[in-house]
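Trainee: Residues per chain, in single letters:
2 protein chains.
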Amino acid sequence: MNKFVDLDYVPKKEDLICEFSVEPSENLSMKEACNRIAKESSIGTWTHVEHLNKEKRDKLRARVYSIDGNTAKVAYPPELFEKTNVPGTLASIAGNIFGMKALKNLRLEDVYIPASIDNAFEGPRYGIKGIRDTFGIEERPLIGTIVKPKVGLSSEQHANIAFEAWKGGCDVVKDDENLVNQDFNKFEERLDLTLEKRKKAEEETSETKGYMPNVTAETEEMLKRAELVKEKGGRYMMIDIVTAGWSALQTLRKHGPDLRIHAHRAMHAALTKNKKHGISMLTIAKFARLIGVDQLHIGTAVGKMEGEPTDIWEIEQEVENKIVRKHEDDHVLAEDWRDIKPVFAVSSGGLHPGLVQPLMQLLGKNIIIQAGGGIHGHPDGTRAGARAMRQAIDARMKGIDVEEYAEDSEELKKALDLWGAGKTYK
Amino acid sequence: MNKFVDLDYVPKKEDLICEFSVEPSENLSMKEACNRIAKESSIGTWTHVEHLNKEKRDKLRARVYSIDGNTAKVAYPPELFEKTNVPGTLASIAGNIFGMKALKNLRLEDVYIPASIDNAFEGPRYGIKGIRDTFGIEERPLIGTIVKPKVGLSSEQHANIAFEAWKGGCDVVKDDENLVNQDFNKFEERLDLTLEKRKKAEEETSETKGYMPNVTAETEEMLKRAELVKEKGGRYMMIDIVTAGWSALQTLRKHGPDLRIHAHRAMHAALTKNKKHGISMLTIAKFARLIGVDQLHIGTAVGKMEGEPTDIWEIEQEVENKIVRKHEDDHVLAEDWRDIKPVFAVSSGGLHPGLVQPLMQLLGKNIIIQAGGGIHGHPDGTRAGARAMRQAIDARMKGIDVEEYAEDSEELKKALDLWGAGKTYK
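Chains as they are written, first to last, in my numbering: chain A, 1 to 426; chain B, 1001 to 1426.
For the record, the hints were derived by calculation from the structure and aren't laboratory data.
Here the structure is a predicted model, which is why all the values come from computation and not from measurement.
Don't take each hint at face value.
Stated by the list, open to error - Restricting the straight-line Cα-Cα distance to at most 20 Å, the calculated cross-link-like pairs of lysine to any residue (SDA-like) are:
id	chain 1	residue 1	chain 2	residue 2
1	A	K254	B	N1070
2	A	K83	B	H1255
3	B	K1104	B	N1160
To be verified - Residues of chain A placed beyond 10 Å of chain B at every Cβ, according to the derived structure:
id	residue
4	R57
5	A115
6	K129
7	D133
8	K200
9	K273
10	T310
11	R338
12	E410
As the list claims (entries may be wrong) - What follows is a set of in silico ranges between Cβ atoms, one per label pair, in the way DEER data are often shown:
id	chain 1	residue 1	chain 2	residue 2	range
13	A	P78	B	D1192	34 to 40 Å
14	A	D183	B	D1192	24 to 30 Å
15	A	K13	B	G1233	55 to 61 Å
16	A	E79	B	D1006	39 to 45 Å
Glycine is no exception: its CB is placed at the ideal position from the N, C-alpha and C atoms.
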């Protein structure tokens, strides 16, 4: 009866593979639960239906080829999918199955995307190297800030704070995830004023600076805003990939102007936080890389937001590397990214200069370190906060303990006095 | 310290209101947890930041005005939002807060949308009345089917099965959520062949019939497919609203052709199934109505998919009525829908003729009853399955018990023999 379970099946490299954590409802075996998942997410329904001959059924059905405790791996023949269609693909592998009564909990942990689908996407336009080249920064982490408070500032205040942050040492400044085109801070005015200040900051610091305006909106409006950014000399556009959705992200990458894409993940935790049910951040990150964001929030492991250090490390590996090897605890399917460029991982959420040392111990140098409150909340204001952050990063780049380095760095000293100094992420 | 908690605050009718279920992390009081939710989802961050004067802070901050057990209600001043921007609004009220370490679990249970936002949207183009007028069906539920198997059929097979379903008595036939534009069944060919069969079925039955092709894709491609449907004489477009996302749904309603929108909710349960964490289906349904889908899947309470009868009844009330009164168990915020038309609720997922009686007891006549396997899996095939379904509905409309009615209805009898007859939803 379990036609969709075939533990002898050896997945082909052309298959799309999903790893699920499965908790069957009472009185249902793991095997039967897995059978229903593979059935509902490929060609089956709950009762017998003629119409498809055996040959076609055998060709198109998903196969559960591994069951280990509560972990199941399912192989999907690539013919099941329209290669260029992420929302269409997710409607199969992450669609109705979450709502089946047969399951108490279901979590899509990971997905292996085969070459045929990879080849249908362009991936990031810039990726890590392109971003580093933009700024001429070869090795150190990029430093970013989010203008704070999140919303409420006028366009002019916004631009002035951005200037202070750049002047103090930030490379990039971004809008917050919920700042879009409010009456008190209209998108176009904010863009104009902030890009003006960017120019000034670049002239005064002789550094390249980036402004990441949030273009999240209805798709056509979003494209208009993105074009406006390009027209006015911007280098970046930022989008809330989860609230905007996969169709719009594909559109922005495919039909939007030649700008770097910064991906914020607000709302992801509604899907990712519960360890038994939903969709892992790793899965979201893989689809975001496939479509082609250049920068993606992956968490901090040390700040105000959820996320275990190992999970975040894994996501960084996944978005930044070419081939991810099978991980010991078996939670990462090996993925060969072929020509798809690496994504610059962004660590953001409750960070401050005192957390840079443990953060870089965990995630290395190839990250964008963003702090909002941890820069603007500095006792001497935004510019000093940005200096303190850059000093903390300089300390780590030179291999000097942050507190030692602070002895000669006034702004860093004050930041550590206020927020404390983390030594290690453990 | 809890500046965002103000239990004396009386929400203004202009405020947007969210009801959350909150489970604070250990060692954190409910009050402090709620304070952080309101802060992070409006103007605050985790540390003190100057930049905003008191007047503006008071004007723009969210206020927790009610805490009752684990339920909190938060009022958001409408100025916080760009009125026309659903993804931007969700990035506030359903964004970062899900990932805060301060919370073990958080669920957005309900949202009250104020007039200023309602007025920025057009809502459904047709709604229940427009759909009923299309078919000239005044009172009985509409009968629909999903062509099954979900994927794998050729375009020609697909069209033939649709014909059988229409001929047997279905009003509408839809693609499944994961059928888009696969190589074995290309969108345009399927559309052509199926609309041809629709015409034939209309001629032979003298009834109006509807075909709901799944246009889910990258947004520009989706619009192209929608235009193609319109051009070729279609009346409907179907979209997977959760996997495609809010930006694309807004685009389809605003810039898509004049077609009825059928909304499938695949992946919703990744957000809605856990009763402690995520986003309720009620909330998703409200935003879908606001943007303007004409038909929305709400569950069955009796079939293969998750969903408690009371929840599903509540969602039906919400999408179909003008004003929803505060519910006794306090889980529905009163919503005045003003000029926004009602959405036709679609009940789908594991239904068959034997479940029509309990389903209609629960949800009444104003529903679209869809069955896939429960029609095509009939021992005598699709046409007989559609007949059996229509007979079951006729029985209920005449107030005759389904088993009694089956005595003179051969197809219904066979269906009940195979799948059983439900008498009541309790």
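Trainee: Confirm or reject each hint.
Mentor: Hints and how they fare:
{"no.": "1", "hint": "A/K254 to B/N1070", "result": "violated, 44 Å"}
{"no.": "2", "hint": "A/K83 to B/H1255", "result": "violated, 25 Å"}
{"no.": "3", "hint": "B/K1104 to B/N1160", "result": "violated, 51 Å"}
{"no.": "4", "hint": "R57", "result": "violated, 7 Å"}
{"no.": "5", "hint": "A115", "result": "holds, 16 Å"}
{"no.": "6", "hint": "K129", "result": "holds, 26 Å"}
{"no.": "7", "hint": "D133", "result": "holds, 28 Å"}
{"no.": "8", "hint": "K200", "result": "holds, 19 Å"}
{"no.": "9", "hint": "K273", "result": "violated, 6 Å"}
{"no.": "10", "hint": "T310", "result": "holds, 16 Å"}
{"no.": "11", "hint": "R338", "result": "holds, 21 Å"}
{"no.": "12", "hint": "E410", "result": "holds, 19 Å"}
{"no.": "13", "hint": "A/P78 to B/D1192: 34 to 40 Å", "result": "violated, 26 Å"}
{"no.": "14", "hint": "A/D183 to B/D1192: 24 to 30 Å", "result": "violated, 47 Å"}
{"no.": "15", "hint": "A/K13 to B/G1233: 55 to 61 Å", "result": "violated, 43 Å"}
{"no.": "16", "hint": "A/E79 to B/D1006: 39 to 45 Å", "result": "violated, 58 Å"}
This entry does not satisfy hints 1, 2, 3, 4, 9, 13, 14, 15, 16, going by the numbered hints stated previously.
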